[in-house]
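Here is what each chain is made of, one letter per residue.
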Amino acid sequence: GDSVTQTEGPVTLSEGTSLTVNCSYETKQYPTLFWYVQYPGEGPQLLFKVPKANEKGSNRGFEATYNKEATSFHLQKASVQESDSAVYYCALAPITNAYKVIFGKGTHLHVLP
Amino acid sequence: AQTIHQWPVAEIKAVGSPLSLGCTIKGKSSPNLYWYWQATGGTLQQLFYSITVGQVESVVQLNLSASRPKDDQFILSTEKLLLSHSGFYLCAWSSGQANTEVFFGKGTRLTVV
Numbered sequence: 054g055d056s057v058t059q060t061e062g063p064v065t066l067s068e069g070t071s072l073t074v075n076c077s078y079e080t081k082q083y084p085t086l087f088w089y090v091q092y093p094g095e096g097p098q099l100l101f102k103v104p105k106a107n108e109k110g111s112n113r114g115f116e117a118t119y120n121k122e123a124t125s126f127h128l129q130k131a132s133v134q135e136s137d138s139a140v141y142y143c144a145l146a147p148i149t150n151a152y153k154v155i156f157g158k159g160t161h162l163h164v165l166p
Numbered sequence: 025a026q027t028i029h030q031w032p033v034a035e036i037k038a039v040g041s042p043l044s045l046g047c048t049i050k051g052k053s054s055p056n057l058y059w060y061w062q063a064t065g066g067t068l069q070q071l072f073y074s075i076t077v078g079q080v081e082s083v084v085q086l087n088l089s090a091s092r093p094k095d096d097q098f099i100l101s102t103e104k105l106l107l108s109h110s111g112f113y114l115c116a117w118s119s120g121q122a123n124t125e126v127f128f129g130k131g132t133r134l135t136v137v
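From first to last, the protein sequence lines are chains L and P.
Residues in the first sequence are numbered consecutively from 54, following this note's numbering.
Residues in the second sequence are numbered consecutively from 25, following this note's numbering.
Accuracy of the hints is not assured; some may be wrong.
The calculated lysine-lysine pairs, modelled on BS3-like cross-linking and capped at a C-alpha distance of 27 Å, are [as the list claims (entries may be wrong)]:
1. L:158 to L:121
2. L:153 to L:102
3. P:37 to L:105
4. L:153 to L:109
5. P:130 to L:102
6. L:109 to L:158
7. P:52 to P:130
8. P:37 to P:130
9. P:94 to L:121
10. L:153 to P:52
11. L:153 to P:94
12. P:104 to P:130
13. L:102 to P:37
14. P:37 to P:104
15. L:102 to L:130
16. P:94 to L:158
17. L:109 to L:130
18. L:105 to P:104
19. P:130 to P:94
20. L:105 to L:158
21. L:102 to L:81
22. P:52 to P:104
23. P:50 to L:102
24. P:50 to P:104
Treat the hints as calculated values from the structure; they're not laboratory data.
Kindly generate the complete structure, drawing on both the sequences and the hints.
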């Protein structure tokens with residue numbers, strides 16, 4: 054079946070250090086891939102999406118490359134800030150049922166000042 | 025701009041009592057609509073989706089039901105709440121096309137006691 058697996062948290066970093074949150078997926082053919090961010094007490098917000106294999110998405114200094122060979126979509130940021138503290142979700146929309154968006158378990162990021 | 029409004033913001037309900045949660049989307053005609061559930065600290069589980077008025081597809085069985093009485097309205101309900109229904113309920117919408125991102129409301133925090 055369709056699934057998303059991502060880095061288990063919490064992840065604690067100091068401000069100015071780099072971030073990598075691993076995401077791997079299983080599905081048939083080529084899905085659309087997303088990264089969402091959720092702040093406490095709010096609904097998730099789209100960070101960016103990548104509909105095509107081997108393309109990169111980016112927003113607010115975060116980026117991820119859709120690697121179809123490795124079935125991965127790792128989230129990276131070169132220098133995190135305290136305001137980046139949140140839960141990050143990797144998600145996919147499978148080609149077999151594009152209305153059934155599947156989310157990973159989320160990675161809780163704490164950034165220390 | 026599109027807006028999504030969920031009500032109520034929070035509820036405390038007794039086991040065995042009925043429940044009705046709602047959301048309204050403004051500024052978008054014929055959206056796809058979704059209900060998600062999030063246990064405290066947990067991942068996002070899609071419960072239902074609807075592509076058109078009057079038609080709702082169930083993704084998981086949690087003794088809940090959903091209805092779409094109008095193009096811009098989505099209702100989640102049950103006649104008898106269980107303790108396991110506690111959590112954060114999120115309504116979301118996407119455009120009429122497949123493989124597009126979903127946009128979430130601010131959610132309803134439900135506590136069943």
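Each hint tested on the structure:
1. L:158 to L:121: 21 Å, holds
2. L:153 to L:102: Holds - the C-alpha atoms of residue 102 of chain L and residue 153 of chain L are around 16 Å apart, at most 27 Å.
3. P:37 to L:105: 45 Å, violated
4. L:153 to L:109: 23 Å, holds
5. P:130 to L:102: 21 Å, holds
6. L:109 to L:158: Roughly 22 Å between the alpha carbons, so the hint for residue 109 of chain L and residue 158 of chain L holds.
7. P:52 to P:130: 18 Å, holds
8. P:37 to P:130: The given pair, whose Cα atoms are some 20 Å apart, holds under the 27 Å limit.
9. P:94 to L:121: 40 Å, violated
10. L:153 to P:52: 20 Å, holds
11. L:153 to P:94: 21 Å, holds
12. P:104 to P:130: This hinted pair holds, its Cα atoms lying about 24 Å apart.
13. L:102 to P:37: Given that 27 Å is the threshold and the Cα spacing comes to 37 Å, the pair is violated.
14. P:37 to P:104: 10 Å, holds
15. L:102 to L:130: 16 Å, holds
16. P:94 to L:158: Outside the cut-off at roughly 32 Å; violated.
17. L:109 to L:130: 13 Å, holds
18. L:105 to P:104: Outside the cut-off at roughly 44 Å; violated.
19. P:130 to P:94: 21 Å, holds
20. L:105 to L:158: 23 Å, holds
21. L:102 to L:81: 18 Å, holds
22. P:52 to P:104: 33 Å, violated
23. P:50 to L:102: Measuring from Cα to Cα gives roughly 23 Å; hence the hint holds.
24. P:50 to P:104: Not satisfied, since the Cα-Cα distance of roughly 30 Å exceeds 27 Å.
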